[in-house]
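Work out the full structure: start from the sequences and follow the hints.
Using the working numbering, read the first sequence as starting at 1 and increasing by one per residue.
No wet-lab data here; the hints were simulated from the structure.
A few of these clues could be false.
[Said to hold, decoys possible] No farther apart than 35 Å at their CA atoms in a straight line, the calculated lysine-lysine pairs in the DSBU-like style are these: (1) Lys97 / Lys412; (2) Lys490 / Lys48; (3) Lys179 / Lys52; (4) Lys490 / Lys553; (5) Lys180 / Lys427; (6) Lys264 / Lys284; (7) Lys48 / Lys454; (8) Lys284 / Lys319; (9) Lys51 / Lys180.
[As the list claims (entries may be wrong)] The calculated label-pair distances, taken between Cβ atoms and stated as ranges, are: (10) Glu245 / Arg143: 16 to 26 Å; (11) Thr217 / Arg343: 14 to 24 Å; (12) Glu478 / Leu562: 27 to 37 Å.
Where a beta carbon is used, it is the ideal one built from N, C-alpha and C, also for glycine.
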Amino acid sequence: MRLSKNFIPTVKEIPSDALIPSHQLMLRAGMIRSLSAGVYSFLPLGYKILKKAMEIIRDEMDAIGGQEFYLPALNPIELWEETGRVKAFGDTMFHLKNRPLVLAPTHEEVICSIAKNHLKSYRDLPQIWYQIQMKFRNEPRPRSGVIRGRQFFMKDSYSLDATWEGLDVNYDLHAEAYKKMFTRAGLKFFIVGASSGAMGGSASQEFMLESESGEDTCTVCDGCGYAANMEVATSALQKAHRDNESKAITEISTPNVGTIDELKEFLKIEERYLAKSLVFMQDKTPILVLMMGNDQLNESKLLSALGSDFRSCHPDELKSLTGADAGSIGPIGLQGFKIIVDRRLQGGNNLVSGANKNDYHIANIDLQRDIKIDGYFDLRTVNAGEPCPKCSKPLRVVNAIELGHIFKLGTKYSDALHAYYLDENGKEKPIIMGSYGIGVERVVACFIEQNNDKNGIVWNNALAPYHVHLIQVNSNNEKVVSIAESLYKKLQESLVDVLFDDRDDVSPGFKFKDADLIGIPLQIIVGEKNVNSGNVEMKSRSTGKRDIIEISKVCQYVEKFLES
RNA sequence: CGGAACGUGGCGCAGCCCGGCUAGCGCACUUGCUUGGGGUGCAAGGGGUCGCGGGUUCAAAUCCCGCCGUUCCGACCA
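Given below as structure tokens:
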């Protein structure tokens, strides 16, 4: 492709709205332009790269027997009413004003409606159905360029099975396919156990990429490779140990002591003896949550412990429910509360907690003796430096970008939409589903996040928009022009995809800067210096290494380079 | 949705606090010359409803009010 005739609008200056490297570079290299918040046009260069990413994904999906669909973005709203997801998505789903249609944010409903009409027998199963298409989500806050947009390409696949064992097989096939895709794309990723959240289902893993600009938080262990989303992460931190003797309960005066730190200072005791109380409302039931010391409650963990949504209490509500303000609330003497306790406190005795009376605490609480407890759960948030639950090395806490997510969905959607099949015994059963997503733009943006330098992007062969970047340095030199032209022709004949900088109105420095910015792995530089002795220069974008080679050996060199 | 900032030729910005000549600078663009291995140099040009609406004033890019847009922090994130 000739740069003189094609549209790759590179820019020198960094657009002020772009903060992260991938966003800045995608704009500067002429890959994308923004149209409005979270909505991007892909220009020819960017689209070419996006298609490369899709091709890798498609290839690995086909390899596990996936069948590609093209599904409608416009969905009748009634379909979404049936699964209750109009409400579940709420404002995140785009609604059309002049038809009862919504823009699909994902496609479980459509897949199910097809399955329901055509997969009637266990003999029709299993199936893997996938699509690589635009999804629409009215994100309240788009950010980080194409990493969180309001419309984006997603590879979504759905496994349809007759048995739970079959689901396990398809789930594992997807996990393996994902590893292959991301490895081929050159991404340094890790896999975490995750919360399946409101999506429902039994197991779920996320494919993550460590990045400062990530919106998820994960713990990772550099020792053994353990990694988990903070929503489910645990550590091998010591539990409360039980003193031999449980002392008698006593009320103690603690004037002006509100926080755990103040209490620790005031009583001069170890933090592990302190039980912090938090109050939530679930429907109309007040919930008291006990945490050790300064341990932070993780709301995702609480959500899975409670099973349904909850909210925190207003200050005046706290006072009327417990008789005290936050800071003096405790488990002793509460009426009508459900009490749940973090596992770290399990078995604890001689604990101090609020007395439900301002400025007073109760000492020597024995959880087994003094309180009726409705359950122990892991509720705390892991902190950096705590020991890994597998190997006890210190954990790191990192931000990460979610590239892909695989779920064992189960029968939630097939039940709601009556997608049933007949088993060997002629018995009607819901199809068992899995759902597996990948953010395509994220694959591209994440690659750039991990592969750039001060001059621009550094593509690998898998995602690079062109195989080689041919630079004709001196357009006024006939010999340079004729050699560059003949190399262009010859390379194209060898099926090499060439970006040819044949511009005659641009200085050499400008061309080199553009080449480094766009970041094609191999640059072929045709300049006066070398052609006079029958040579051209091959420059690797990643290493900066230059080889002077004979003109006749260019194709051979390129071939070898592309294989590596 | 809560908090904050910004909005001035295509891009990056100055001017605004303290109202007053024809709204400026760099990049990009056009033309000519120049240069030709790391965003050449010189010269001459074109391009602006100063986000939108209202108000104050003799006079508003500048002060006041409202709205819209964009970005950041938080909440949310299937």
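Verification of the hints:
1. Under the criterion of a C-alpha separation no larger than 35 Å, the hint pairing Lys97 with Lys412 is consistent with the structure, at around 29 Å.
2. Restraint check for Lys490 and Lys48: the C-alpha separation of about 22 Å stays at or below 35 Å, so the hint holds.
3. Note on Lys179 and Lys52: the hinted pairing holds, with a Cα-Cα distance of about 17 Å set against a maximum of 35 Å.
4. Straight-line distance between C-alpha atoms of Lys490 and Lys553 comes to about 11 Å, which keeps the hinted pair within the 35 Å bound.
5. Straight-line distance between C-alpha atoms of Lys180 and Lys427 comes to about 38 Å, which puts the hinted pair past the 35 Å bound.
6. Note on Lys264 and Lys284: the hinted pairing holds, with a Cα-Cα distance of about 33 Å set against a maximum of 35 Å.
7. As the CA atoms of Lys48 and Lys454 are separated by approximately 23 Å, the hinted pair is consistent with the 35 Å bound.
8. Proposed proximity of Lys284 and Lys319 is supported: the alpha carbons are some 16 Å apart, at most 35 Å.
9. Distance hint between Lys51 and Lys180 is fulfilled; the C-alpha atoms sit about 17 Å from each other, no more than 35 Å.
10. Range check, Glu245 to Arg143: Cβ separation about 55 Å, and the 16 to 26 Å hint is violated.
11. For the hinted restraint 14 to 24 Å between Thr217 and Arg343, the CB-CB distance of approximately 21 Å keeps it satisfied.
12. Judged by the Cβ atoms, the range 27 to 37 Å given for Glu478 and Leu562 holds: they are separated by roughly 30 Å.
Taken one by one, the earlier hints fail for this structure at numbers 5 and 10, listed in ascending order.
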